[in-house]
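Just so you know, the protein sequences line up as chains A and B, in that order. If you count by the working numbering, then the first sequence holds residues 1 to 401, one letter each, in order. If you count by the working numbering, then the second sequence holds residues 402 to 773, one letter each, in order.
You may find that some hints are simply not true.
[Unchecked claim] Label-pair ranges, simulated between beta-carbon atoms:
| id | chain 1 | residue 1 | chain 2 | residue 2 | range |
| --- | --- | --- | --- | --- | --- |
| 1 | A | 372 | B | 702 | 51 to 59 Å |
| 2 | B | 741 | A | 170 | 26 to 34 Å |
| 3 | B | 438 | A | 397 | 55 to 63 Å |
| 4 | A | 217 | B | 770 | 25 to 33 Å |
| 5 | B | 770 | A | 372 | 29 to 37 Å |
| 6 | A | 170 | B | 402 | 47 to 55 Å |
| 7 | A | 46 | B | 673 | 29 to 37 Å |
| 8 | B | 730 | A | 228 | 50 to 58 Å |
[Stated by the list, open to error] Listing some non-contacts, in silico: residues in chain B with all C-beta distances to chain A over 12 Å:
| id | residue |
| --- | --- |
| 9 | 415 |
| 10 | 422 |
| 11 | 429 |
| 12 | 461 |
| 13 | 499 |
| 14 | 678 |
I should point out that these hints are in silico values taken from the structure, not numbers from a laboratory. Glycine residues also receive a C-beta, built at the ideal position from the N, C-alpha and C atoms.
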Amino acid sequence: MDLNYSPEDRAFRAEVRRWLETNVPKQELPALEDRKAWHRRLYEAGYVGMLWPKAYGGWGTTPMRQAIVQDEMARVGAPPPINGLGIGFIGPTIIVHGTDWQKQRYLKKMLTAEEIWCQLYSEPNAGSDLASLKTRAEDQGDHFLVNGQKIWTSAGPIADWGILLARTDSKVAKHRGISCLLLNMRQPGVEVRPLKQITGHALFSEVFMTNARADRRDLIGAVGQGWEIAQTTLGYERGANSLGRVTRYAAAFHQLVRATRELRRGGRPLIEDPAVRAKMGRMFAELEVQRYAALRVLSALQNGESPGAASSITKLSYTEFEKRYYETALEILGPWGQLMSSREEFEDVDTSSGEPGTWATAFLWARAGTIYSGSSEIQKNIIGERVLGLPKEVRADRLKA
Amino acid sequence: MDFSFSPDQRLLRDSARAFLDEHAKPAAVRLLWDDPRGESEALWKEMAQLGWLGLALPEAYGGSGLGMLEAAILLHELGRAGYPGPYLPTLLAAAAIGAAGSEGQKARWLPAIATGEARASVALLDAELDWRPEATAMRAEKTGAGFALSGRKHFVPWAHVARVLLVPARAPEGLTLFLVDPGAGGLTQTPAQAMDPGTRWSTMTFERTPVGADAVLGAPGQAGPLLDALLRQGAVGAAAEMLGAARRCLDLSVEYAKVREQFGQPIGSFQAIRHKCAEMLLEVENSHSAVYYAAWALDARSEDHELAASVAKAYVGDAARRVCGESIQVHGGIGFTWEYDLHIYFKRAKALEAQYGDGDYHRELIVRRVAA
Ligand SMILES: Cc1cc2nc3c(=O)[nH]c(=O)nc-3n(C[C@H](O)[C@H](O)[C@H](O)COP(=O)(O)OP(=O)(O)OC[C@H]3O[C@@H](n4cnc5c(N)ncnc54)[C@H](O)[C@@H]3O)c2cc1C
Chain A
1 MDLNYSPEDR AFRAEVRRWL ETNVPKQELP ALEDRKAWHR RLYEAGYVGM
51 LWPKAYGGWG TTPMRQAIVQ DEMARVGAPP PINGLGIGFI GPTIIVHGTD
101 WQKQRYLKKM LTAEEIWCQL YSEPNAGSDL ASLKTRAEDQ GDHFLVNGQK
151 IWTSAGPIAD WGILLARTDS KVAKHRGISC LLLNMRQPGV EVRPLKQITG
201 HALFSEVFMT NARADRRDLI GAVGQGWEIA QTTLGYERGA NSLGRVTRYA
251 AAFHQLVRAT RELRRGGRPL IEDPAVRAKM GRMFAELEVQ RYAALRVLSA
301 LQNGESPGAA SSITKLSYTE FEKRYYETAL EILGPWGQLM SSREEFEDVD
351 TSSGEPGTWA TAFLWARAGT IYSGSSEIQK NIIGERVLGL PKEVRADRLK
401 A
Chain B
402 MDFSFSPDQR LLRDSARAFL DEHAKPAAVR LLWDDPRGES EALWKEMAQL
452 GWLGLALPEA YGGSGLGMLE AAILLHELGR AGYPGPYLPT LLAAAAIGAA
502 GSEGQKARWL PAIATGEARA SVALLDAELD WRPEATAMRA EKTGAGFALS
552 GRKHFVPWAH VARVLLVPAR APEGLTLFLV DPGAGGLTQT PAQAMDPGTR
602 WSTMTFERTP VGADAVLGAP GQAGPLLDAL LRQGAVGAAA EMLGAARRCL
652 DLSVEYAKVR EQFGQPIGSF QAIRHKCAEM LLEVENSHSA VYYAAWALDA
702 RSEDHELAAS VAKAYVGDAA RRVCGESIQV HGGIGFTWEY DLHIYFKRAK
752 ALEAQYGDGD YHRELIVRRV AA
């Protein structure tokens, strides 16, 4: 066990730091076109698609280097790359299960954010119980005809393509009749309606598909293999390294320290109040533990171990932590923490979405992490069954099956 | 960067576990609970032979020259076994003697500790139970032959079996550490009956207890940094032991939840129980990261080693208390019986939570480091 970074890693970190110093945009980038341009610069510098094989336009480097880049970007509050769902999860799924044609056609443009991707899994009546989804894809020979509705689709309003789970056979057990398709979002049969989130932004959406068309060459794997393929996507989604996130939390902590020096109560700065100090001590201890845990995961990835179901522990840990973290911050800050636009230096923080915001947006965003990519309750089911080997729960749908 | 144990470290862990599974079974632990001495001479000698007592001592004094990481691996196993005895206080005293002792002091104590002849302990808390070294109230007056110590130390672990005690006191030069013979004149020991029968504490009353000038460890007036280092090692050591206790409780709970049936199904199939077990695992895994990160940091003297020690103690103290407590909940009535083993670990974790700086103390240290 040696937690020092190797000399090569340190040199790489210094190089990334220098690059960011000269290249990070000085102002926010609200326009999509500016975000795409920034993304492109990151990509060309070798900082996007770092784990992807070179053959598909990636950089074929190590989890360690990727973590270093994310960590350094978080340290300076650099705008993150876009197309995260595509690059993080959908692309790797295509790499594992896709055809050569699909790889040639989609991967490079995904990496460079020329085409933006979304994930069309959840439906109004199929969330945690994803396998009960109802959207239908009828086999028409050279194409599939898609009818149904998806919901909570992140990036839906800006997406060019989506990875879709749809039912191709309603006569077999529910998780056997599902297929996975790539769907062109820019066609008449696809209608996207933005949905406003509790943060006030509309980053997710509803997607209605009415006789939408998916070409046969856009079928991933075989007909009926969709459920298995979805497991790959979800595995990538939960197994992501969290070091960069933790660094963003740490940056927020330093903002909090600053705030507690400036804000006063009872004739003294908040930081001198023992009750505030106790809360801050607990927050920071938990934050550090998240960092150590992230290093442990990183070291395992680096040693070629795949975290498997244990990635549920990581996801559960940092998302639940994030909720407690911002709850405590808002307790300490009082109404200052609830402002939606910042007037003072200490009010700006990076939210877990990677976008800048205020304490209030970070606090609101923290509610999302324990719902998406499998809610905390679902993670605990997975940990109980697959990590601890506890007996499966008795469920009505299993009794029927 | 590598967070995994080396092959040697894995070997140490596996052999320690195998040894303790055989020689420190719960039944053996219970026998020691009823023993007035509370720990086993035979076991101590075996631990010496296995090299555990000299683990972190220099090779020149009969040790193996290993570090806090290996000590944490062992303490984890001792916690998992619920082993009662002065392993941790002896380790701490030995480390301080190794770090600051004169040639004579090292030659007198380190080989004796490594071979299992002598046990040692640390007497850190005065009546106000303030862990800050600067809060030390015990006085050391100059006498012709050395010093006379006056005051009272509370919750001194395993004082009744120790051959030497580390005692901080205020000398004219400032805060000073003394090596004290527990049998010295003017020193009385009052054992306290605590909740954990595997933790033996005494109150030590010093009434002008004479110690020689050669009993000073390090330079007079310079004990502050030594005590800080000792507390950090104590914090990480205690965290490792608590982690072991928590891991054992989790394992017992998971085994039980698979076989205990109610309402026609194993209780582990109920989400209320299964989710509790998942949360326990989460806290145990995070504690693992915290303990070994901190142990590594102390050995490597990394920039954040002081912080890491406090983080480990504050986090694992809370986590182990919750995990051990929830294991009783998972077991229901049987978990509340004296015959069932859970309370061995539950009580040990609680006893350690209060030692070498409790959560509040370490959280305050953390805030001082990160927010001044
Ligand atoms: C910000 C955000 C972005 C998202 N982006 C996308 C996206 O891009 N693409 C996409 O496909 N989806 C996306 N989702 C949807 C997300 O995956 C679902 O919300 C999630 O799977 C939960 O489903 P649900 O909302 O239907 O809640 P439900 O499944 O109805 O859950 C409601 C409650 O019941 C609990 N529950 C359900 N089943 C069980 C069980 N077996 N045991 C115990 N408790 C249970 C849940 O934990 C939850 O607390 C996003 C969600 C959010 C919040």
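Hints versus structure:
1. A/372 / B/702: 51 to 59 Å: Given a distance of about 41 Å, which is not inside 51 to 59 Å, the answer is violated.
2. B/741 / A/170: 26 to 34 Å: About 52 Å separates the Cβ atoms of residue 741 of chain B and residue 170 of chain A, which means 26 to 34 Å is violated.
3. B/438 / A/397: 55 to 63 Å: holds, 60 Å
4. A/217 / B/770: 25 to 33 Å: Because 59 Å falls outside the window, the suggested range is violated.
5. B/770 / A/372: 29 to 37 Å: For residue 770 of chain B and residue 372 of chain A the Cβ distance comes to about 35 Å; the hint holds.
6. A/170 / B/402: 47 to 55 Å: holds, 50 Å
7. A/46 / B/673: 29 to 37 Å: violated, 49 Å
8. B/730 / A/228: 50 to 58 Å: violated, 38 Å
9. 415: holds, 16 Å
10. 422: The assertion about residue 422 of chain B holds, with a minimum of 21 Å to chain A.
11. 429: Residue 429 of chain B clear of chain A: closest Cβ-Cβ about 28 Å, beyond 12 Å.
12. 461: Fine: 25 Å to the nearest Cβ keeps residue 461 of chain B off the interface.
13. 499: Since the minimum Cβ distance to chain A is about 22 Å, residue 499 of chain B lies beyond 12 Å and the statement holds.
14. 678: The assertion about residue 678 of chain B is violated, with a minimum of 6 Å to chain A.
Checked against the numbered hints above, the structure breaks hints 1, 2, 4, 7, 8 and 14 and satisfies the rest.
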